[in-house]
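Could you build all of it, start to finish, from the sequences and the hints given here?
Those sequence lines, one after another, are chains A and B. All residue numbers for the first sequence refer to this note's numbering, where the first residue is 4 and numbers rise by one. All residue numbers for the second sequence refer to this note's numbering, where the first residue is 222 and numbers rise by one.
Be a bit skeptical, because a hint or two may be false.
Quick list of the computed label-pair ranges, beta carbon to beta carbon [as the list claims (entries may be wrong)]:
(1) Trp331/B x Ser265/A: 56 to 62 Å
(2) Asn383/A x Arg439/B: 19 to 25 Å
(3) Gly365/A x Phe517/B: 26 to 32 Å
Chain A side only, calculated, beta carbon under 7 Å to chain B, not exhaustive [unchecked claim]:
(4) Glu306
(5) Asp326
(6) Ala327
(7) Gly328
(8) Arg345
(9) Val348
(10) Thr360
(11) Val367
(12) Gly370
(13) Ile371
(14) Ala372
(15) Ala375
(16) Gln398
No lab work stands behind these hints: they were computed from the structure. Glycine is no exception: its CB is placed at the ideal position from the N, C-alpha and C atoms.
Listed below, chain by chain, are the residues.
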Amino acid sequence: MTPRLELRGICKLYPGVIANDDISLSVLPGEIHAVLGENGAGKSTLMKIIYGACPADKGEIFCDGEAVSEHGPAVSRQLGIEMVYQHFALFESITVVENIALSMPGRLELKKLAEKILKVSRRYGLPIDPDRLVMSLSVGERQRVEIVRCLLRNPKLLILDEPTSVLTPQAVKTLFETLRQLADEGCSILYISHKLDEVRDLCHSATILRGGRVSGEADPRKSTSAELARMMVGSDLPEMSVTPAKRTEEPMLALIDLNLVSENIMGTSLKSISLDAFGGEIVGIAGVSGNGQSELAAVVSGERIADRADEITLNGRAIGALDAGARRDLGLGFVPEERLGRGAVPSYDLSENALLTAHRKGMVKHGIAKRAKAKEFAQNVIAKFKVKANGPEAQALSLSGGNLQKFIMGREIELNPKVLLVSQPTWGVDVGAAAYIRQTLIDLSRSGGSVVIISEELEELFEICDRIYVIADGKLSHSLDRKQTSVEEVGLLMTGGNDAKETNIQGIKYGV
Amino acid sequence: MAFKIEPRAEPSRSMAIAAPLIAIGLTVIISSLLFLSLGLNPFVTLYTFFVQPLTTLNGVSEWLLKASPLILIACGLAIGFRANVWNIGAEGQLIIGAIAAAGVGLFSPWQESVLLLPMMVIAGMVGGALWAAIPAFLKDRMNTNEILVTLMLTYVAALLLSYLVHGPWRDPDGFNFPQTALLPQAGMLEVFDYSYRLNTSIFFTVVVVILAWVFMERSFLGYKMSVGGIAPAAAKYAGFKASASIWIGLLISGATAGLAGMSEVAGPLGQLSSQISPGYGFAAIIVAFIGRLNAFGIVLGGLLLSLIYLGGEAVQLKLGLPSSIALIFQGLLLFFLLASNFLINFRIRKLTTRAL
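See the structure below:
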């Protein structure tokens, strides 16, 4: 059979980085082909080259056996290659059908197009209402709009870039059914991901990238996660060691009927949130993004002041009225999801970034910042937390996401926090660093600290948390014991159904 | 042939030094063409512009006299600019500082006292700082835009000055000229030599430059304000207060502008008149940016701007050039200086053609 798509020896150089080095792969018609790799392995660059969004420096692309010469997005569309980006490109203030019309050739006939949209959406089990404003759609619904937009062009090859990062487990299942149906009809699918379980569940074949090169090819249905991970990382992942939790008697951090109006019109207000986090345990907060997580992180960390001081207590002391610095003085550490610009100043070097929160460790004398002390502290964090950096003088923005995360996490842990709040601990972090970060959090909790993790990665929460709460539409669920709950139960709570048993799985509406 | 502009991974250190040299080179080339097209000898013109003003002691005295208030004000402004506090109204704060200092000098009961001058210094700084406190208060409490408020208050200050020198403070023995009486001798800054106008106020500038450098580069407060300017979310994350930056940024720049106003009135002017500054407060904004918001860079920037002011006058006097040509030349130099700073953080790369 002639491959739908074949790449031969694709190379792409960026200043100082080889993004793609001699990459070859082929995808058959009707095949779901995974491109697996850690962040920075070159997946996104490769997809852009296939779609024609950026030119390769060397190599050839064949589509249905014919060489593609002058490549570009317009050529792709002619060839039947469509791409669903990780970040959607929809206009918020117009309707679904109007958005799709923008990318359709020919005359603009909204009524006919709306009918077509409904037909396609029914056929593939992607319910969407063409007349709704995009603004009012949830992330999952927006993704469906993007997919339907591609499907309306009868693609021969569909590229999906990390499509499940914004979906609930149930929505992932529905998406996979749609993709299988498409593949059965002969459409080839390139599925980019770093989630091994999904790839093993869905894909027929896989090309694994590491450091811009093909590090292996595998049949994911017959490989174990460990085998695939080894090809991705280049070595075996360290085993996680989780000892049983020894909880303190009293909660170290407590949220008591916390209400907060979001500052952002598109944000989610927090409604009557109550939570207890004890010393010696890790508490996870699951949820689909945009359900109040960022508001919660801001108000607990002190970046926003709570409306009432006693809505938040640290070791029994009301801290709601204190700013982030004062809360840190009392032992509340925080690692935010944005590392550059929030957790660290991008253009500052690591010792200057140590000063940001660790200045309270005797780095300021008579109003003068002690550079030598800050440097020593940064050096210590780099060594202790295995941060790969050119020493304390390296600019924060020169570090990879994982290494900067290790540095920020290390800086906060070196302040000996009683409670550490971490938002998206392993977002954009490679597998090796992620394992290290998770182990660090476990160790911190087992040495008596209380760790609270806000994460959208359920796998991660199930791996390391002792208890899990679920946030949906600004409301927090009751506490679930990790050992007694399941991905399905948490998934249902993520959609806002408060009682798992009563909700009909077929009729799920995705969380806002 | 195609070129691409791309950000550098790190700011280039060699470019940080080369950028001003490139700018001067480009200015010399372009202005030489301009002078040639006007039938002027570019060598003579450039010599008159850059070198001749400094060949006499009086020239050097005038050079430093003009550079001093520019540097003084720019140091204060840079502290605020680093924290994204945009005080555009240093001119107004300078005027209020001058009014306050002159008020103490003219009307306080200590006309002969050695304490008169220090009190005028304090009055000038407090006056400028209070004038800047108005936008600080409004921004802190009501989130008004400090750019607009400081700028508009400049006109209020200028009108207040005009009212005083035309009305209540006008010198009764001054033949109705809109100016106050001369300050008493105890209220005047000492000159180094009676033939020249340069006075001891340059010591204020030296002290302020050193203090500003320590504050911006070494103090923790300066660090906190810079973080607030570059990465506001990181400042919030660390718990640094934005309102502190607003107050400190505006009060310090107001005080330095006020001190510059005091130095003018107690220095070369000796009295208040309706025009007391040739726009030092506005030119200092340019000086702050030419100096890349660094105290020692500001010294160089202030000396340069002062020199091209003198050079502009020199070519008009010596060569009979129209003032507009001098302005074009000054504009060229400033344009290239600020534009070449772009090369520190970005590079221009030639695109090689490639085929798939």
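How the hints compare with the structure:
1. Trp331/B x Ser265/A: 56 to 62 Å: holds, 59 Å
2. Asn383/A x Arg439/B: 19 to 25 Å: Taking Cβ atoms as reference, asparagine 383/A and arginine 439/B lie about 22 Å apart, which means the hint holds.
3. Gly365/A x Phe517/B: 26 to 32 Å: This hint holds: roughly 29 Å between Cβ atoms.
4. Glu306: Holds: closest Cβ of chain B sits about 5 Å from glutamate 306/A, inside 7 Å.
5. Asp326: It holds, given that the least Cβ distance between aspartate 326/A and chain B is near 5 Å, below 7 Å.
6. Ala327: Holds, because the Cβ-Cβ distance from alanine 327/A to chain B comes to roughly 4 Å (cut-off 7 Å).
7. Gly328: holds, 2 Å
8. Arg345: holds, 4 Å
9. Val348: Because about 5 Å separates valine 348/A from the closest Cβ in chain B, which is inside the 7 Å limit, the hint holds.
10. Thr360: Hint holds; threonine 360/A Cβ to chain B Cβ min 5 Å, cut 7 Å.
11. Val367: holds, 4 Å
12. Gly370: holds, 5 Å
13. Ile371: Status holds, d = 5 Å.
14. Ala372: Nearest chain B Cβ about 5 Å off; hint holds.
15. Ala375: violated, 12 Å
16. Gln398: Hint holds; glutamine 398/A Cβ to chain B Cβ min 6 Å, cut 7 Å.
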